[in-house]
Each structure stands twice: as C-alpha cells, then as structure tokens.
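Below, each chain spelled out in residue letters.
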Amino acid sequence: MRSLFLKIFLWFWLATILSGLTLFVIAVATQSGPIAEQRRRGAEQARHLMGQTLALYGQSAAAILERDGHAALEDYAKLIERTTDIHVVLLLRRNEILSDRGAPPEARTLAARAAEHGKAEVASAGESLLFAQPILGPGETQYVVVGEMPRPPGRPRGGVQPLDGGGEPPPPTPGLPSRLFGEFAHFTRDFSVPSLVTLIIGGMVCLGLAWHLTAPIRRLRTAAQRLARGDLTARVGTGRSRGRDEVAALGHDFDLMAERIEALVIAQQQLLRDISHELRSPLARLNVALELTRQRSGPEAGGSLDRIEREAERLNDLIGRLLTLTQLESGGEWIKRGPVSLRGLVESIASDANFEAQTRNRAVHAVVEEEITIHGSEEMLRQGIENVVRNAVRYTAEHTQVDITVSRRRAGSGDAAIIRIRDRGPGVPEHALPRLFLPFYRVADARDRQTGGTGIGLAITERAVRLHDGIVTATNAPDGGLIVEIVLPVA
Amino acid sequence: MNHILVIDDDVELCELLTDYLTREGLQVETAHDGERGAERALSGEHALVVLDIMLPGSSGFDVLRRIRAGSKVPVLMLTARGDDVDRIVGLEMGADDYLPKPFNPRELVARIRAIRRRVEPRLERETGPGKAAERVVVGDVQLDPGARVVLQRGHPVDLTSVEFTLLEVLLRASGQVVAREELAKEVLGRRLSPYDRSIDVHVSSLRRKLGHQLGDAERIKTVRGVGYLYAHPPDPGEEGIPKE
Numbered sequence: 001m002r003s004l005f006l007k008i009f010l011w012f013w014l015a016t017i018l019s020g021l022t023l024f025v026i027a028v029a030t031q032s033g034p035i036a037e038q039r040r041r042g043a044e045q046a047r048h049l050m051g052q053t054l055a056l057y058g059q060s061a062a063a064i065l066e067r068d069g070h071a072a073l074e075d076y077a078k079l080i081e082r083t084t085d086i087h088v089v090l091l092l093r094r095n096e097i098l099s100d101r102g103a104p105p106e107a108r109t110l111a112a113r114a115a116e117h118g119k120a121e122v123a124s125a126g127e128s129l130l131f132a133q134p135i136l137g138p139g140e141t142q143y144v145v146v147g148e149m150p151r152p153p154g155r156p157r158g159g160v161q162p163l164d165g166g167g168e169p170p171p172p173t174p175g176l177p178s179r180l181f182g183e184f185a186h187f188t189r190d191f192s193v194p195s196l197v198t199l200i201i202g203g204m205v206c207l208g209l210a211w212h213l214t215a216p217i218r219r220l221r222t223a224a225q226r227l228a229r230g231d232l233t234a235r236v237g238t239g240r241s242r243g244r245d246e247v248a249a250l251g252h253d254f255d256l257m258a259e260r261i262e263a264l265v266i267a268q269q270q271l272l273r274d275i276s277h278e279l280r281s282p283l284a285r286l287n288v289a290l291e292l293t294r295q296r297s298g299p300e301a302g303g304s305l306d307r308i309e310r311e312a313e314r315l316n317d318l319i320g321r322l323l324t325l326t327q328l329e330s331g332g333e334w335i336k337r338g339p340v341s342l343r344g345l346v347e348s349i350a351s352d353a354n355f356e357a358q359t360r361n362r363a364v365h366a367v368v369e370e371e372i373t374i375h376g377s378e379e380m381l382r383q384g385i386e387n388v389v390r391n392a393v394r395y396t397a398e399h400t401q402v403d404i405t406v407s408r409r410r411a412g413s414g415d416a417a418i419i420r421i422r423d424r425g426p427g428v429p430e431h432a433l434p435r436l437f438l439p440f441y442r443v444a445d446a447r448d449r450q451t452g453g454t455g456i457g458l459a460i461t462e463r464a465v466r467l468h469d470g471i472v473t474a475t476n477a478p479d480g481g482l483i484v485e486i487v488l489p490v491a
Numbered sequence: 492m493n494h495i496l497v498i499d500d501d502v503e504l505c506e507l508l509t510d511y512l513t514r515e516g517l518q519v520e521t522a523h524d525g526e527r528g529a530e531r532a533l534s535g536e537h538a539l540v541v542l543d544i545m546l547p548g549s550s551g552f553d554v555l556r557r558i559r560a561g562s563k564v565p566v567l568m569l570t571a572r573g574d575d576v577d578r579i580v581g582l583e584m585g586a587d588d589y590l591p592k593p594f595n596p597r598e599l600v601a602r603i604r605a606i607r608r609r610v611e612p613r614l615e616r617e618t619g620p621g622k623a624a625e626r627v628v629v630g631d632v633q634l635d636p637g638a639r640v641v642l643q644r645g646h647p648v649d650l651t652s653v654e655f656t657l658l659e660v661l662l663r664a665s666g667q668v669v670a671r672e673e674l675a676k677e678v679l680g681r682r683l684s685p686y687d688r689s690i691d692v693h694v695s696s697l698r699r700k701l702g703h704q705l706g707d708a709e710r711i712k713t714v715r716g717v718g719y720l721y722a723h724p725p726d727p728g729e730e731g732i733p734k735e
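Chains as they are written, first to last, in my numbering: chain Z, 1 to 491; chain R, 492 to 735.
Bear in mind the hints are in silico, worked out from the structure with no lab data behind them. Note that this is a predicted model, so its numbers are computed, not measured. Relax, there's no trap hidden among the hints.
What follows is a list of derived Cβ distance ranges for each label pair: (1) R/515 with Z/356: 23 to 31 Å; (2) R/695 with Z/246: 48 to 56 Å; (3) Z/408 with R/514: 55 to 63 Å; (4) Z/277 with R/597: 19 to 27 Å; (5) Z/282 with R/493: 24 to 32 Å; (6) R/707 with Z/356: 41 to 49 Å; (7) Z/282 with R/637: 41 to 49 Å; (8) Z/369 with R/530: 56 to 64 Å.
We put the beta carbon where it would ideally sit given N, CA and C, even for glycine.
Take the sequences, apply the hints, and build the full model.
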C-alpha cells in the first residue's frame, strides 16, 4: 500500500520541482520573469535619476556657457566630475558641438537621436553607459548634454543596447548555460526561502492527497481479504460517501458481488441440509419399523433383522459421506475456519479410534512431537484424518498397532505440519497407489465389502486436505503396511 | 409419570414411535407442529419431551425457547446428523440431551430412561425411599436434592434438570476431578460419543449461571484431557453458610 501512496506523493513533488525549474530556465532565457523585471525596474530608476541629474547639469552648463564662456564651462564640468560619478562628454546646441571632452563616437549619434526624439536616450559603449538628455536652455534654445557613467555591475557585456525597449533587437547573448550558472547563484540567494516553503507545503498537501486517495483502496482490500478467508458478511460499505469516483464505484460493485456469493453459498448449504433431511427421514422410519418387528418376532428372526439394521446403517453412513464430499467439492472454500490445535485433534481421534480398535484386538497410538496450530476447519480436518485412521484400523493385522505421528517441518518457504499414519496391513499394490484417493475407488472389491469400506472416505480426506492447501500421499512401508502422509502448510 | 410428548412433523414416524414406545412401557402423545407442541409441553402433563429440532421453518428452536421459558420439563432434541452447531445451540438453550436422526430406537429408549432416572432423587434411588435427602453445601452454593432447588447466597438459581444433576455430582466431589466419561454416565446416563460436547456445554451454562469465580479461584476448573473440578472454597468459615 505504501508504494502507491509514495508514488503519488513523489510524482506531485517532482511536478512541483520541475515546473519551478522550467519557469526559472524560461525566465532566464527570455529575460522575462521576476528577476529580469527587478533588474529592469532598477535600470529604469537609475536612468530616471540620471536624466534628472543631467538635465540639472545641462541647464547650469548652458547658462554658464552663455554668460561666462568655454573656460568657465570647462571648470564647471571638472567640478561636476569631482563630486559625482558623471563624466560629461558632450554638449550640443542644436547640432553644434559646444564642448567635447573625449566623447566616444557613439555619443554623437546618441545625441542626435535624443534631439530627434526629444527625450532621453541611453546606450552602452564598451565598458560605460552613455546618457543623452535634451534640455531647453536659456532663450528657448535646444541643447543636448551627453554624460558617461561607469556601467552598473551585472549587466551583460555587449555592444550598443537600448534598455528602454525601443530600437534594434538585442544581439544574441552568449551561452545560456553560462548565464544559467551565473543566475543560479542569484536564484538560490533570492528564492531559497520561498522555494523551501513551497516544497514543504506542497509536500504536506501531496501527503494528504495521497492518503485520501489510497484510503478507500485499503478498505476494499480489507473487505476482499475477509471474504476470501470465509467471512461472507464482509462488505466495503459506503463509509464517508464522499466518493462517487471510480474507486467508490468499485467498492459498490464488490459489495454486490459479495452479496451474491453469500446468497449462493447460503442457498447451497440449505439445499444440502434439505437433501440430508429428505434422504434420512425414510431411514429414521425404517429403523423404528425394524425395532417394532424385533419386538413382535421371535429370536429366529434376530439374525436377519440384524442384517437389515447393518445395511440401514451403511446406507446412512454412505449418505453422510456423499453429502460431505458434495459440500467439499463445491463450496468447501466457504466453510468457516479458525485456529485448530493439531495436538488436540489428533489425540482425540487417536483415543476414540483406539477404543474401537481394542474391541478388535488392534490398537492406535499417537505421538505428537509439538503443538502446531493450523488455520482451517476443525470439522473438515477431523473427518479427513479420521477417515485415514479408520482405514488403517480396518486393514492393520490383528494384534498390531496403527502409529500416528505429528511433526513440524521447517523450511525457508514456510513451515509445514506432517501427519503420518502407518498401519501394519497388506499395503496397497503400487499401481493402485495414485488412484487411492479417487471417490469409490477400491483396491479389491471383496476385501472392502468384508471390512466395510465405502471408497469415499479417502476422497473426502483428499479434498479436505487440498482445501487447506495441503497434500496427501500414500506409500508402502518397506516392511509391510501402508503409510499415508498428510502435509499441511502452517500459516 | 410415564407420559412422553413427541413433537415431530413426520406423521408416519410418530405413529411408528408411538407403537414402539408403548410396547416399552411408555405412554406417548404426539404433536406435529411447533405451536401445538409448545402448548402441550407447557401443560405440565409430561415427564419428558422429545423434540425434533428440524421442524420446518426453524421453529424447533422457537418451541424449545417457549418450553424453557415456562417449564423445566426435560427435553431431548432430535438433531440432524453432522450438524454440531444446532446441537450446541440447543444444549445452550436448555435442552437436556440430543440424539441425531436417524437414530436407533433402542438408543432413544435408553436416553429417555436415563433422563427420567435423573429427575428422581438420586439418593432415594440408591439408599432406598424414606431417607431424607441430604443437602449439599459448598461455598456460596446450597443444593437440595429432594426439592431439586439450588440457592446461591440465599437466592434461588434457575437450573435445568440436567444442570442440576451435573452440579450435584460436581459438588459432592468438590475439590476432586470428575472425569468427563463419569459425568456423562451419571448426568446423561449414556456414553460420550466422539467429539460430544454435551457435558462441556452444560458446564459452560453452570459457569454462566453461578459465576466464573469462587473467591479468587475459578469455580469450575477444566482439567485438560480428564474432566472438570468444582473448586473447594478457600475457607469454609468465610463464605456463606458453613457445612451442616
């Protein structure tokens, strides 16, 4: 059960992580996403500030130039440079250069563009940033001042690249992998706490979801196992009828199936009971009629009446066994099971069989090496073992003993209980051994009639043992007699 | 009283049985359905009721329940062969004994006689009429064989006749084990069949009705493989009435 639960849990977690990573990569590749946004805003602000500053400077510079001339302008520019980061490189009045203090070539074009658009323009030139700001000087004359600033850290290297979204498309940026690597450091620094929180909360939600999904499946399993063990009343039930989903529907179907099975089994058991009753009523009447006859007749009739009584008893016995065999053949799986003490069972069978055997100068002796508990039907096991023991008593030679031993065989694949019944009779011909457990099979007709066998006892044993996942085999003992071995797995 | 009531829906069987049992010295009345059977059983005119538990519509148990609710008359169940459950349920409901169908009529007569024998005061039978029945007192239980009454700390305990006899046997042998075979002979008047749980069921009933404990000890101990033992009270002076 844990594997399904874990699967769901891990897959969801994986989905969360993957989508996070994918978004990250996309953001880096397309420069969209929060990081790039942040940076853009920063650049935006810086540019705005820059523009303000340059405008201020430009106003002052234009005024000074008009009033005091070029030398004063030069002093002023140097003053600005000393107190700020800004290096003013170009001052234009309309298209006339008034002051050029080492402006890079791109500055001219930038200034022209600024004048044309009437607003600030930014461009990068090699290592630094150029900023061109148009201003309205004294006398409503148009000036353009271009300043150079050292590049802010983190900006990618490259050629001219307008940051305000207009102009040429960006040139190809170098290597996504190297960029990713660089970005990842930022990513972990900025987003580690949120990521962790997402993962933890996501994880807990997945836990809950997985549990919720697998709970009804677990309930279904429990009910199925109970049904398989013989509890015909096992049902899934509606539980918290939250689900109309597929699993809930499956549970509903299971309940229908269980109901049907229960009804069938009950009907069949009732049928067997009715058959038993119908077959035995005439026998009951026959018995009483027989005794009435005995009451009314003389001793000479005694022998014949005894014979009739015996045959009636055989008939009764046969009916009983046939009904048992029928029950085991179809529906044996549904007989109630529970813990069965093999010691108690075998010792009880042995002592009763011994009592009867003593009247015929035979004996039965059981040795139970250790207590073993089998999960099964005591009634079925009793009949199965008892039939073998009865047969053994029937065939073992006079003044001999039938030995029963119960032992435990330990194996890696599971322990087994071994019940051995050994008699000292004539044994069974080799060719007949495999067919011994077939219904009505008899080794030799004449002998069986003498000893009263019906040929069904061992068939019942075989079926009963098989219903307990066991095996029964018969072999001839080297020094005469038959060994029947029942092997039953211990749960 | 020689009157026996047979409740069985098999009309022919009832005819044959009446014939047979009459020749054995018993007077037989028959009823063929549960309703009439229960009615007649509660009349108190019979020494014993033979009840077919397999009456149609599971009314056999209903009849047993009704009889037990109103009478202590001994009930012998006729059960289906091989059906242990019905047997045990019937015994727990208060039937005295059972006999699987088809049965040997000689066996039926033997059991009928055994049950009737049990109902008569045992000591009178053994030592002759006239001798006063001796009360048996062990711990908090007082048993009067003559009146067939059991008192526990002064209060009467409702026992069936077979439970009464069983208790009597155990009390008389209190502190000692009584073998199951011995109990069957004394109480049921017959041998125990293999896997026969009759005695065990009746012991369970006794435990339930008298309580599982006697002081600190188990009242009726199971001795595995042998039988049962009624515990000797810890101190005769402590518990209830001292022995007379």
